[in-house]
Amino acid sequence: NAGVTQTPKFQVLKTGQSMTLQCAQDMNHEYMSWYRQDPGMGLRLIHYSVGAGITDQGEVPNGYNVSRSTTEDFPLRLLSAAPSQTSVYFCASSYGEDNEQFFGPGTRLTVL
Amino acid sequence: AQSVSQHNHHVILSEAASLELGCNYSYGGTVNLFWYVQYPGQHLQLLLKYFSGDPLVKGIKGFEAEFIKSKFSFNLRKPSVQWSDTAEYFCAVKTSGGSYIPTFGRGTSLIVHP
Numbered sequence: 005n006a007g008v009t010q011t012p013k014f015q016v017l018k019t020g021q022s023m024t025l026q027c028a029q030d031m032n033h034e035y036m037s038w039y040r041q042d043p044g045m046g047l048r049l050i051h052y053s054v055g056a057g058i059t060d061q062g063e064v065p066n067g068y069n070v071s072r073s074t075t076e077d078f079p080l081r082l083l084s085a086a087p088s089q090t091s092v093y094f095c096a097s098s099y100g101e102d103n104e105q106f107f108g109p110g111t112r113l114t115v116l
Numbered sequence: 003a004q005s006v007s008q009h010n011h012h013v014i015l016s017e018a019a020s021l022e023l024g025c026n027y028s029y030g031g032t033v034n035l036f037w038y039v040q041y042p043g044q045h046l047q048l049l050l051k052y053f054s055g056d057p058l059v060k061g062i063k064g065f066e067a068e069f070i071k072s073k074f075s076f077n078l079r080k081p082s083v084q085w086s087d088t089a090e091y092f093c094a095v096k097t098s099g100g101s102y103i104p105t106f107g108r109g110t111s112l113i114v115h116p
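So the sequence lines, in the order shown, correspond to chains B and L. Residue numbering for the first sequence follows this note's numbering, beginning at 5 and increasing consecutively. Residue numbering for the second sequence follows this note's numbering, beginning at 3 and increasing consecutively.
Among the clues, some could well be false.
Stated by the list, open to error - Simulated restraints on C-beta separations: (1) B/F14 / L/S86: 22 to 30 Å; (2) B/L116 / L/A18: 39 to 47 Å; (3) L/S54 / B/G20: 46 to 54 Å; (4) B/K18 / L/P116: 38 to 46 Å; (5) B/R81 / L/A18: 47 to 55 Å; (6) L/I70 / B/G20: 43 to 51 Å.
The set of hints was computed from the structure by calculation and includes no laboratory data. By construction, the Cβ of each residue, glycine as well, lies at the ideal position given by its N, Cα and C atoms.
Let the sequences and hints guide you as you build the complete structure.
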C-alpha cells in the first residue's frame, strides 16, 4: 500500500492564483482531513470528510474548498491564493473516527 | 470545543537525559489520546495512543505516556533520550461522540544534543 500520497511536494504561487492540492489514500479509509502547519501554531484543521459526498469545515476553512467524490481522493482547492496561505499542508486519513490518523508527506506552499 | 495544551514549546536536552512533555486537555468526557512525532523533513507518525484500559501506555522507540484522568493529562516520557529523538511532538485528543477529527496541540520542539 502507498498509504496517503500528496502532490505536489512544493509549490510557489502568485497572489490571486488558484490551485488544487491533491490527496489520495489506498487504505479504504472513511475519514480524511486537511491540516495546515505553521510555526508555533501546530496543526490546524481546514476541512474534513467522513465519507464520499460528505465534507465539513474545520478550524480555518476560509479561502479553501474541498470535495469528496470518491473514498480515495480528497483534493483541497485554493480559489485565490493569498500570502497568509503560505504554509505546509498535510492530508490525513483514518479508518474510523476513533482510530489513529495516517498522514501524507505534506505540500510546502509559498504564496508570493 | 475541547482544547489541547502543550506547555513546553521548545525543549533542549543532552543525550541520556530523561524527557517528560506535558499535554493537558479541556474535555471532561471520554477521550482517545494520541502522541504523534514529526522527524525533521518528514510527515507525522503515531508514537502511541490510549483508548481505554491501563493508563500507562507504551509506544515505539521506548516512549511511554500516562493518562491521568483527574488531571486531564497525558504526558509523554522517555527515560533516556537519543540524538535521533530530535523532532517535533504533538499531542492530540479525540472526544468520543464529539468531533469526528482529533484536536492537536501546538507541538513541542525537542532538540537532543549528542
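Going through the hints against the structure:
Against the hinted window of 22 to 30 Å, the Cβ-Cβ separation of B/F14 and L/S86 comes to about 26 Å, which satisfies the hint. For the pair B/L116 and L/A18, the beta carbons lie near 45 Å from each other, so the given range of 39 to 47 Å is met. A C-beta distance of roughly 50 Å is found between L/S54 and B/G20, which places it inside the suggested range of 46 to 54 Å. Distance hint check for B/K18 and L/P116: the Cβ-Cβ separation is about 43 Å, which falls inside the suggested range of 38 to 46 Å.
At roughly 48 Å, the beta carbons of B/R81 and L/A18 sit within the given window of 47 to 55 Å. The hinted range of 43 to 51 Å is satisfied by L/I70 and B/G20, whose Cβ atoms lie roughly 50 Å apart.
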